[in-house]
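Protein chains: 2
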Amino acid sequence: MSILVVGSVAFDSVETPFGKAEEVLGGSATYFSTSASYFTDVKLVAVVGTDFPDIHIEGLKSRGIDVSGLKKVPGKTFRWRGRYDYDLNQAHTLETHLNVFSSFNPEIPESYRESPFVFLANIDPELQIKVLEQVKGAKFVACDTMNFWIEGKPDALRKLLKKVDLFVINEGEAREFSGTASLVKAARKILNNGPKTLIIKRGEYGALMFNHGSVFSAPAYPLEDIFDPTGAGDSFAGGLMGYLANTGDLSEANLRRAIIFGSVMASFNVEAFSLERLNSLCLNDIKMRYSEFKRLTHFEDI
Amino acid sequence: MSILVVGSVAFDSVETPFGKAEEVLGGSATYFSTSASYFTDVKLVAVVGTDFPDIHIEGLKSRGIDVSGLKKVPGKTFRWRGRYDYDLNQAHTLETHLNVFSSFNPEIPESYRESPFVFLANIDPELQIKVLEQVKGAKFVACDTMNFWIEGKPDALRKLLKKVDLFVINEGEAREFSGTASLVKAARKILNNGPKTLIIKRGEYGALMFNHGSVFSAPAYPLEDIFDPTGAGDSFAGGLMGYLANTGDLSEANLRRAIIFGSVMASFNVEAFSLERLNSLCLNDIKMRYSEFKRLTHFEDI
Chain A
6 MSILVVGSVA
16 FDSVETPFGK
26 AEEVLGGSAT
36 YFSTSASYFT
46 DVKLVAVVGT
56 DFPDIHIEGL
66 KSRGIDVSGL
76 KKVPGKTFRW
86 RGRYDYDLNQ
96 AHTLETHLNV
106 FSSFNPEIPE
116 SYRESPFVFL
126 ANIDPELQIK
136 VLEQVKGAKF
146 VACDTMNFWI
156 EGKPDALRKL
166 LKKVDLFVIN
176 EGEAREFSGT
186 ASLVKAARKI
196 LNNGPKTLII
206 KRGEYGALMF
216 NHGSVFSAPA
226 YPLEDIFDPT
236 GAGDSFAGGL
246 MGYLANTGDL
256 SEANLRRAII
266 FGSVMASFNV
276 EAFSLERLNS
286 LCLNDIKMRY
296 SEFKRLTHFE
306 DI
Chain B
6 MSILVVGSVA
16 FDSVETPFGK
26 AEEVLGGSAT
36 YFSTSASYFT
46 DVKLVAVVGT
56 DFPDIHIEGL
66 KSRGIDVSGL
76 KKVPGKTFRW
86 RGRYDYDLNQ
96 AHTLETHLNV
106 FSSFNPEIPE
116 SYRESPFVFL
126 ANIDPELQIK
136 VLEQVKGAKF
146 VACDTMNFWI
156 EGKPDALRKL
166 LKKVDLFVIN
176 EGEAREFSGT
186 ASLVKAARKI
196 LNNGPKTLII
206 KRGEYGALMF
216 NHGSVFSAPA
226 YPLEDIFDPT
236 GAGDSFAGGL
246 MGYLANTGDL
256 SEANLRRAII
266 FGSVMASFNV
276 EAFSLERLNS
286 LCLNDIKMRY
296 SEFKRLTHFE
306 DI
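Residue numbers (our numbering), protein chains in the order written: chain A, 6 to 307; chain B, 6 to 307.
Bear in mind the hints are in silico, worked out from the structure with no lab data behind them. Keep in mind that the hints are not guaranteed to be accurate.
Heads up, the list lumps identical chains together, so a pair's fine if it works in one copy or across two of them.
[Unchecked claim] Taking lysine-lysine and the DSSO-like style, the derived pairs with C-alpha atoms no more than 30 Å apart in a straight line are:
no., residue 1, residue 2
1, LYS292, LYS190
2, LYS201, LYS299
3, LYS77, LYS190
4, LYS201, LYS77
5, LYS81, LYS299
6, LYS168, LYS292
7, LYS77, LYS299
8, LYS292, LYS164
9, LYS299, LYS190
10, LYS25, LYS190
11, LYS194, LYS25
12, LYS201, LYS25
13, LYS144, LYS292
All values derive from a computational prediction rather than experimental measurement.
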């Protein structure tokens with residue numbers, strides 16, 4: 006089954022302890038769709054400026070991503086500049102130029118409206134709601150957000166959460182949104198707001214899923230070096246949603262497998278700048294790392 | 006098989022977001038031996054002052070802990086005062102009064118010297134080495150340390166590491182000791198210093214074991230509230246070593262099980278101040294939480 010993703014396509018300039026990259030391809034929808042494309046058909050909705058080179062569009066197409074919803078409009082593409090220090094869980098934003106993204110008003114092409122899976126990447130929750138109004142028949146909707154919207158548009162976010170099946174946020178955001186330090190309590194509060202399932206991303210510490218009273222703890226893959234964490238969360242969501250859409254199975258057991266596939270894709274993504282590593286994978290790499298996650302976490306009953 | 010533990014017995018005064026406790030029983034050897042006592046015989050070596058009430062000694066005895074190595078000497082017992090904020094991974098030390106502990110020179114009673122398992126809790130690495138010189142026939146030796154010794158006595162610590170099988174430290178200490186931010190690289194450097202196995206404790210994020218080229222990631226138990234983290238690391242080590250000594254099996258599979266038992270004991274310990282929760286367990290509580298760890302981490306092959 007196919008996935009519709011709505012989010013950003015951007016140019017990132019990133020500095021990490023391991024090097025720097027200037028104006029490389031980034032954006033939540035880019036990372037998500039590249040990651041998900043290993044599992045299923047992806048239909049992308051985003052906006053870029055006239056400075057956006059066709060070669061990047063060709064790159065997305067070559068991964069089978071449907072880009073008929075990628076609008077090119079007069080102006081410059083969204084740009085983000087950030088730095089990571091040795092604490093690679095924490096991005097320090099140096100510059101944000103929304104450019105054409107500031108007037109992004111996602112219109113879902115007719116050919117996308119039957120997508121059973123929908124991922125609303127981190128954009129204004131009012132726009133996320135507008136997207137959902139255009140895809141009434143979605144089978145499974147997931148969304149992300151960020152502290153900016155938690156602080157700036159909490160009511161819209163709460164309204165959105167009543168309409169989604171899965172909410173994916175990071176640890177600090179979960180604490181901020183719920184106003185509680187305990188993640189277990191935070192999860193209960195958030196699930197009371199609507200979504201059936203909550204996934205809390207914890208960077209190099211993995212992820213926690215809260216679902217129907219059960220909790221699943223997934224580790225992160227212990228990498229020699231985390232080269233560049235940019236896009237890890239969206240690669241995670243891409244692997245997760247991609248696997249769910251591929252299998253069409255929304256059981257707890259399959260959600261757990263999907264989280265591991267998400268973690269696999271995130272672990273590859275952080276091995277290089279931009280989409281370098283994500284674009285160079287084969288299915289066997291992905292399956293092998295899935296098995297490594299199994300070995301990493303396995304212990305026997307007593 | 007029995008375990009010899011050498012460490013501190015202390016009075017702790019602790020403040021957390023959930024309450025405060027004044028002059029309650031604490032100390033690394035106390036937490037360790039109480040935790041390990043659920044699995045095997047424990048022989049404790051420590052020092053207290055004349056202010057140490059017999060009721061605490063009786064409490065340890067009632068858990069079957071051999072206290073013939075617990076010396077009472079003129080002076081006051083070690084006291085520590087600390088505070089935890091909402092980031093419960095980080096203890097803020099307010100006061101440390103070593104008192105009689107400052108001249109601690111552990112003498113291992115004759116009846117203890119055949120203990121096949123030895124745990125050297127966090128004390129001066131020169132003293133840890135002296136202990137090992139008194140128990141030549143140990144089958145499996147584990148040790149802990151802290152940043153104070155990493156900074157103050159790195160050479161003694163390196164010398165000690167050549168003599169131990171298992172080194173248990175926390176994440177920040179692993180990074181500091183190895184001088185590298187990557188835990189995978191840090192682990193390799195530390196294992197090159199001697200120990201066959203390294204366990205890195207990550208507080209509410211669980212633990213990582215590096216052993217013969219394999220890595221095991223254990224989660225922490227997602228608790229509603231972490232009431233007081235004091236003693237979590239030593240309770241962890243107590244469950245881990247206790248299970249290893251109980252089974253006498255040092256295989257990778259059993260080390261993994263032992264880490265889960267350690268995590269189980271730590272998860273109970275943090276549910277209350279001092280040894281309140283650790284002292285009130287039954288074996289069934291421990292086994293049930295082990296099963297919960299299994300459910301928490303289980304995912305199926307693809």
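Consistency of the hints with the structure:
With identical chains, the CA atoms of LYS292 and LYS190 are at most 30 Å apart between copies only, with a shortest distance of 25 Å across copies and 34 Å within one. Taking the closest pair of Cα atoms, LYS201 and LYS299 come within 30 Å of each other both inside a single copy (26 Å) and across two copies (23 Å). Taking the shortest alpha-carbon separations for LYS77 and LYS190, neither the intra-copy value of 43 Å nor the inter-copy value of 44 Å comes in at or below 30 Å. In this homomeric assembly, LYS201 and LYS77 never come within 30 Å of each other (Cα to Cα): the closest approach is 36 Å inside a single copy and 58 Å across copies.
Taking the closest pair of Cα atoms, LYS81 and LYS299 never come within 30 Å of each other, the shortest separation being 44 Å inside a single copy and 51 Å across copies. In this homomeric assembly, LYS168 and LYS292 never come within 30 Å of each other (Cα to Cα): the closest approach is 33 Å inside a single copy and 40 Å across copies. Taking the shortest alpha-carbon separations for LYS77 and LYS299, neither the intra-copy value of 43 Å nor the inter-copy value of 50 Å comes in at or below 30 Å. Taking the shortest alpha-carbon separations for LYS292 and LYS164, neither the intra-copy value of 38 Å nor the inter-copy value of 42 Å comes in at or below 30 Å.
Taking identical chains as interchangeable, the C-alpha atoms of LYS299 and LYS190 lie at most 30 Å apart whether they share a chain (28 Å) or sit on different chains (22 Å). In this assembly of identical chains, the alpha carbons of LYS25 and LYS190 lie at most 30 Å apart only when taken from different copies (22 Å versus 39 Å within one copy). With identical chains, the CA atoms of LYS194 and LYS25 are at most 30 Å apart between copies only, with a shortest distance of 27 Å across copies and 40 Å within one. For the homomeric pair LYS201 and LYS25, neither the shortest alpha-carbon distance inside one copy (40 Å) nor that between copies (37 Å) is at most 30 Å.
When the C-alpha separation of LYS144 and LYS292 is checked against a cutoff of 30 Å, the pair qualifies only within one copy, where the shortest distance is 26 Å, while the shortest distance between copies is 40 Å.
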